[in-house]
Amino acid sequence: MTTSHMSPPLLSVSNLSTSFFTSRGEVKAVRGVSFELNAGEILGIVGESGSGKSITCMSLMGLLRSSGRVIEGSARFEGRDLITLDEDELSELRGNDISMIFQDPMTSLNPTLTVGEQVIETILRHRKVSRAEARARAIELFELVRIPSAAKRLKSYPHEFSGGMRQRVMIAIALACDPKLLIADEPTTALDVTIQRQILALLKELQGRLGMAVILITHDLGVIAETADRVLVMYGGMVMEEGPVRELFARPSHPYTRGLLASIPDLRDDTHHRLTPIPGSPPDMLRPPKGCPFAPRCPHAMAQCNAALPPLYHAGEGRRARCWLHHPEAPRVAGITAELVPA
Amino acid sequence: MTAYVVQRLLLMLVTLFAIITLTFFLMHAVPGGPFTSEKMLQPEIQAALNAKYHLDDPLWLQYLNYLRGVLSLDLGPSFKYAGMSVNEIIAEGLPVTMKTGALALLCVVALGVPLGIVAALNRNRWPDTLVMVIATIGVAVPSYVIATVALYVFALRLGWVPTFGLDDWRGYFLPVFALSGFWISFIARLARSSLLETLQQDYMMTAKAKGLKRGTVLFKHGLRNSLIPVVTVLGPVVANLLTGSFVIEQIFALPGIGRHFVLSITNRDYTAIMGITIFYAAVLMVMIFIVDMLYLVLDPRIKYRADAK
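So the protein lines, in turn, are chains L and C. The opening residue of the first sequence carries number 290 in our numbering; numbering runs sequentially from there. The opening residue of the second sequence carries number 12 in our numbering; numbering runs sequentially from there.
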């Protein structure tokens, strides 16, 4: 982490809470999430479906479905609070300073417009350039994301592309206006394994070249390990653990993170261990538990875990973990370091 | 592509031929004929009439003769209106029917689609509820009820419009309203549900995430995709409106062709039944063909190829 500690972070999310108001009641999808992101940094957000990782980012972009609302918190991006911006101000930022790519490239492109048009319209929206200049830029972008015969393919429609090529188009659209922040929501989940690698390598390379910050949302720890600088582990709408990727993988400080790591198959290991799944299922966010949301599934759960929500304990270089095991009086559990101190 | 168009046109001719054949034999299978009536004609007169119109020929010969006529675009003489050919009946009624039909179509497109859009964009709020209540009534209440009630209120009670005929331009209001009411409602409902579905699509989220303005997102990305099912329905709607409606023409005493279709059947006016059926079938097939061609413009995923069977 050589990026300066002097300059303020590019994005600073503080105590963000988002709920969906449905006929069945209030679904508390995101509950008090805080994190910071420096310019040029890749932050991985990992968690299972429903952990609130996508909703956190949709809240930042102002792209929540109509039943969803940010109920508290702030998200300062270059000094401005994204949460308080109106739709016009947000739309100026979207696709320009902050852009986004989505999970399914098969459905994320408009089937009735040429891919070229879908890139060009983004450029024309945010830059005062002529159509010809925008077109030239689109060709440049296609070359950047390595779509062969770029000029010719501008006239193609999405259905004439493979999944991997469509995701490249999505990346080209996202990069059209040199964003400072790229949010990639499960960008490789819908792709073949070999294509996943290519797309991740491309993202990482472009990030290095263009110097933008990236938030990479995924449920795949492998993707995080290869790509991210720092990881945020989310569960039940909350940050469970945060830390630099190497340290967090080497010494997980939360039983949930440890569970996630144990459920990854290790191909170098030929001792035929069974994979270790995490038993149980995620909490019902209509009625989130009073205590730690992971407690019902946690092998180390204590009475205290169900009684009260643990605070985020933190120590050292950006490591935080929301677990009672880090309380000074908690029993020591091997593998989960208890060297952290309360905030 | 050219091969496909040629194939489609040939298929239309085959379909038309099948319709002619089926209608011809079904029509003759029904007991009675054009000159059967309660008042028995004298046998000599009956025989003379049958001879004049070749009704005493064997059926297959009548059929072949009729086909020959159709091939030369001659739909034959009417059996009921002495001295008039079916071609003349159609030519006389068509302008009236087309004029009211075209106006009705204009209303359907100009009102149905926007109402559907307004409803979809205000989903579950009062404009949506209002449009949907009216549209549900419009779909459920038959056109003759709408026509009769409208006639009573606007023509009889208020006297704003004439009760019948098209001599006055105001005469168009009620027939056009009655003709288009059902389809405006139908199209509004269809456009609403189609747009709502489109709004849920991932690419709409992409369009918003690109920072496009609300109008661009809606009209450039949403509307075109949601109009595909609407266009599908509009083809048959055009055919339906342009060929008139028996009930509406009857209620407003319009000299269109819609009523000829029903009257020709009760009259057993063989040539008129055939001629108007052929005309209807042709209009419908042409409209469906046009819709299929419009898909090419609306949806680039669609490409047509002639079957190489």
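Just so you know, not all the hints are guaranteed correct.
Below, in silico cross-link-like pairs of lysine-lysine (BS3-like), each with a Cα-Cα straight-line distance of 30 Å or less [to be verified]: (1) C:K224 - L:K444; (2) C:K314 - L:K469; (3) L:K493 - L:K444; (4) L:K417 - L:K469; (5) L:K469 - L:K444; (6) L:K441 - L:K493; (7) C:K63 - L:K441; (8) C:K91 - C:K110; (9) C:K91 - L:K444; (10) L:K469 - C:K231; (11) C:K63 - C:K91; (12) C:K91 - C:K224; (13) L:K444 - L:K417; (14) C:K231 - L:K417; (15) L:K441 - L:K417; (16) C:K314 - L:K417; (17) C:K110 - L:K441; (18) C:K231 - L:K444; (19) L:K493 - L:K469; (20) C:K91 - L:K441.
A partial selection of chain C residues facing chain L, derived with a Cβ cut-off under 7 Å [to be verified]: (21) H232; (22) P311; (23) K314.
Worth flagging that the hints you see were computed from the coordinates, not collected in a lab. All C-beta atoms in this analysis are idealised placements derived from N, C-alpha and C, irrespective of residue type, glycine included.
Hint check: L:K493 vs L:K469, CA-CA at most 30 Å. Holds or violated?
Satisfied, since the Cα-Cα distance of roughly 15 Å is no more than 30 Å.
Is the Cα-Cα distance between C:K91 and L:K444 30 Å or less?
Violated: C:K91 and L:K444 sit about 61 Å apart, past 30 Å.
Holds or violated: C:K231 with L:K444, Cα cutoff 30 Å?
17 Å, holds
Hinted pair L:K441 and L:K493, Cα distance within 30 Å:
26 Å, holds
Sort out whether C:K91 lies within 30 Å of C:K63, counting only the CA atoms.
13 Å, holds
Under the criterion that the straight-line Cα-Cα distance not exceed 30 Å, is the pair C:K91, C:K224 satisfied?
Not satisfied, since the Cα-Cα distance of roughly 63 Å exceeds 30 Å.
Quickly compare the C-alpha distance for L:K444 and L:K417 to 30 Å and report which way the hint goes.
Measuring from Cα to Cα gives roughly 23 Å; hence the hint holds.
Within a Cα-Cα threshold of 30 Å, do C:K314 and L:K417 meet the stated pairing?
Violated. C:K314 to L:K417 sits at ~36 Å, over the 30 Å cutoff.
Restraint check for C:K63 with L:K441, where alpha carbons must lie at most 30 Å apart:
Not OK: C:K63 and L:K441 at ~70 Å, beyond 30 Å, violated.
Holds or violated: are the alpha carbons of C:K314 and L:K469 at most 30 Å from each other?
41 Å, violated
Is the hint on C:K314 kept, meaning its closest Cβ partner in chain L is under 7 Å away?
Violated, about 10 Å.
Hey, L:K493 versus L:K444, does the alpha-carbon distance stay inside 30 Å?
28 Å, holds
Of the numbered hints given earlier, the model fails hints 2, 7, 9, 12, 16, 17, 20 and 23; all others are met.
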